[in-house]
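Engineer: Listed in order, the protein sequences are those of chains S and P.
Just so you know, we're using our numbering here: the first sequence kicks off at 18 and counts up by one.
Just so you know, we're using our numbering here: the second sequence kicks off at 17 and counts up by one.
If you are wondering where the hints come from, they were derived from the structure by calculation, not from laboratory data.
As the structure is a prediction and not an experimental result, all values here were calculated from the model.
The beta carbon of each residue, even a glycine, is placed where N, CA and C say it ideally should be.
Check the hints yourself; a few may be wrong.
[To be verified] FRET-style restraints, in silico, Cβ to Cβ:
| hint | chain 1 | residue 1 | chain 2 | residue 2 | range |
| --- | --- | --- | --- | --- | --- |
| 1 | P | Glu147 | S | Gly120 | 33 to 39 Å |
| 2 | S | Val22 | P | Tyr177 | 38 to 44 Å |
| 3 | P | Asp89 | S | Pro68 | 38 to 44 Å |
| 4 | S | Glu42 | P | Glu147 | 24 to 30 Å |
| 5 | S | Glu71 | P | Leu261 | 48 to 54 Å |
| 6 | P | Ser176 | S | Gly120 | 16 to 22 Å |
| 7 | P | Glu147 | S | Trp117 | 40 to 46 Å |
| 8 | S | Val22 | P | Leu261 | 45 to 51 Å |
[Said to hold, decoys possible] Cut-off 27 Å, straight-line C-alpha distance, at most; resulting in silico cross-link-like pairs (DSS-like, lysine-lysine):
| hint | chain 1 | residue 1 | chain 2 | residue 2 |
| --- | --- | --- | --- | --- |
| 9 | S | Lys65 | S | Lys239 |
| 10 | S | Lys32 | P | Lys68 |
| 11 | P | Lys77 | S | Lys25 |
| 12 | S | Lys48 | S | Lys97 |
| 13 | S | Lys32 | P | Lys77 |
| 14 | S | Lys65 | P | Lys35 |
| 15 | S | Lys97 | S | Lys65 |
| 16 | S | Lys127 | S | Lys74 |
| 17 | S | Lys92 | S | Lys259 |
| 18 | P | Lys35 | S | Lys74 |
| 19 | S | Lys127 | P | Lys35 |
| 20 | S | Lys92 | S | Lys48 |
| 21 | S | Lys259 | S | Lys97 |
| 22 | P | Lys95 | P | Lys51 |
| 23 | P | Lys265 | P | Lys105 |
| 24 | S | Lys48 | S | Lys101 |
| 25 | S | Lys259 | S | Lys48 |
| 26 | P | Lys68 | P | Lys95 |
| 27 | S | Lys239 | S | Lys48 |
| 28 | P | Lys35 | S | Lys32 |
| 29 | S | Lys25 | P | Lys35 |
| 30 | P | Lys51 | S | Lys127 |
| 31 | S | Lys92 | S | Lys65 |
| 32 | P | Lys105 | P | Lys51 |
[To be verified] Listing some non-contacts, in silico: residues in chain S with all C-beta distances to chain P over 10 Å:
| hint | residue |
| --- | --- |
| 33 | Lys92 |
| 34 | Ser173 |
| 35 | Pro251 |
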Amino acid sequence: MSEPVWNKFLTERDKAVFAAAGYGERGGFGKRPALLVIDVNYAFCGDKPEPILESIKRWRNSCGAESWPAVAAIKSLVDKAHGKGIPVIYTTGVRREDNWDAGSWSWKNKRGGERPKVPVSNRDGNQIVDEIAPAPQDLVIYKQKPSGFFGTSMASYLTLLGCDSVVVTGTTTSGCVRATVLDAFSLNYRVALAEEGCFDRSEASHAINLCDMNAKYADVVKAAEVLSFFDSLPAGLFDLPKGTAPRLAAAVNG
Amino acid sequence: MQEKGTERIWDAYLTERDKQVFAASGYGVRGGFGKRPALLVIDVSYGFAGDKPEPILDSIKRWSNSCGAESWDAIAKIKELIDAFHSRKMPVVYTTGVVRPDGWDSGSWAWKNSRTDESVPRPQQNLDANEIVSAIAPMPQDLVVLKQKPSGFFGSNLASYLTLLGADSVIVTGTTTSGCVRATVLDAFSLNYRVAIAEDGCFDRSQASHAINLCDMNAKYADVIATAEIVRHILAQPEDLFPNLPAGKAPGTPALRVVATA
Numbered sequence: 018m019s020e021p022v023w024n025k026f027l028t029e030r031d032k033a034v035f036a037a038a039g040y041g042e043r044g045g046f047g048k049r050p051a052l053l054v055i056d057v058n059y060a061f062c063g064d065k066p067e068p069i070l071e072s073i074k075r076w077r078n079s080c081g082a083e084s085w086p087a088v089a090a091i092k093s094l095v096d097k098a099h100g101k102g103i104p105v106i107y108t109t110g111v112r113r114e115d116n117w118d119a120g121s122w123s124w125k126n127k128r129g130g131e132r133p134k135v136p137v138s139n140r141d142g143n144q145i146v147d148e149i150a151p152a153p154q155d156l157v158i159y160k161q162k163p164s165g166f167f168g169t170s171m172a173s174y175l176t177l178l179g180c181d182s183v184v185v186t187g188t189t190t191s192g193c194v195r196a197t198v199l200d201a202f203s204l205n206y207r208v209a210l211a212e213e214g215c216f217d218r219s220e221a222s223h224a225i226n227l228c229d230m231n232a233k234y235a236d237v238v239k240a241a242e243v244l245s246f247f248d249s250l251p252a253g254l255f256d257l258p259k260g261t262a263p264r265l266a267a268a269v270n271g
Numbered sequence: 017m018q019e020k021g022t023e024r025i026w027d028a029y030l031t032e033r034d035k036q037v038f039a040a041s042g043y044g045v046r047g048g049f050g051k052r053p054a055l056l057v058i059d060v061s062y063g064f065a066g067d068k069p070e071p072i073l074d075s076i077k078r079w080s081n082s083c084g085a086e087s088w089d090a091i092a093k094i095k096e097l098i099d100a101f102h103s104r105k106m107p108v109v110y111t112t113g114v115v116r117p118d119g120w121d122s123g124s125w126a127w128k129n130s131r132t133d134e135s136v137p138r139p140q141q142n143l144d145a146n147e148i149v150s151a152i153a154p155m156p157q158d159l160v161v162l163k164q165k166p167s168g169f170f171g172s173n174l175a176s177y178l179t180l181l182g183a184d185s186v187i188v189t190g191t192t193t194s195g196c197v198r199a200t201v202l203d204a205f206s207l208n209y210r211v212a213i214a215e216d217g218c219f220d221r222s223q224a225s226h227a228i229n230l231c232d233m234n235a236k237y238a239d240v241i242a243t244a245e246i247v248r249h250i251l252a253q254p255e256d257l258f259p260n261l262p263a264g265k266a267p268g269t270p271a272l273r274v275v276a277t278a
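Throw the hints in and build the complete structure from the sequences for me.
Structural biologist: Right, here's the structure in full:
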């Protein structure tokens, strides 16, 4: 592995401790993976590539320009998964118009009450970006908290599909990606993260959260390696949804 | 306690852009205490603290998960919090790990660490890695939750106990900051509990992970504050907030229960 992105944030003692404690071994891919695409919507990407401090003026959760190279990496994984009949599961947020169900989200952010500025953007913050819009056979999970598993049917869908593992992409690395990886780990799924397919608004949080996850919960690997792994799987492993339009977002959001 | 502009432990690890982004995106404001808090003491066992204060690289030779000398400074702070909660008859909930002797239920823990089998109780050790350190051993009225994964909520009765107690918030202490503390804080957040973390009552084997995980949690999920401030707040509470604490028989061990019901 080339120099990991997190090394420049670690102390020298940290590096010695991680090595001595035995963490960070390769866990390995499972045999029946699903590709997870966490929260890659306009709220987290902004509506176009621009420097993060510009983007967050309108989209308070935006991760800025880095979002879009990650979207391209995710697209290559989604395309490969579609070609092989590997399940692709998207998550995104859902919220009542009156914001009651924001709950704990409204306690720590002074911009928590901001709705997406529709006159400025014309975009619903929770809409998955067009570049990787879900295909008819894909699954879309609406969630209210960081983990894609919390209060959702994610685990039951993975059981229905017979998945033993997940490959995780999306945003933010330190937030919803990490929370989803943690629950997948706790549920005893094998977990891999496609490094270039993950992004975050904080550079330090991105790096250290990848470090933490690679130490204990997941293999942090390059997207190219995931593509080769998908290539190595036989086609038709999964009984996927037949595919009527999954555009439930409009219906759910009213 | 934190004045605007006061240096936080994570500032040294953030890029300049990160600091601007956190400020502009609105994260990290004070969430505030709830009205009915429970104290959570996460995994403060010999496995994570080692059996005595010593430099971490020495300690992890024998205890693969040890966080070294810093553990014991934090334990002293946790003891102050436990004493405050006990003095006000407020709930203290401990978590620690449990694993079958054959290690089968290690599951995903065994995939990323070459020393996982050391977590299983070994006869050559005088101390069980999962035993809570004697300096803060649970009292009869305390609750002990046994768990197998990072979060104290995962596969456990923690949420149902908090409902039974009528708790609306948790004060979190213990280890590791980046592991089981963070996982527990995340689930508490997702369950809509107010969360505070005693900064000096948390510890980790990695200095960078400790700092950045505190930063992430303070940004979104919890208030990261000093033990002294929490103790003051708890001591100001009335004594009758939790009339239904356990009456307090010594926490039974699973082994005894199995024999009794066989």
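Engineer: Check each numbered hint from earlier against the structure, then list the numbers of those it violates in ascending order.
Structural biologist: Violated: none.
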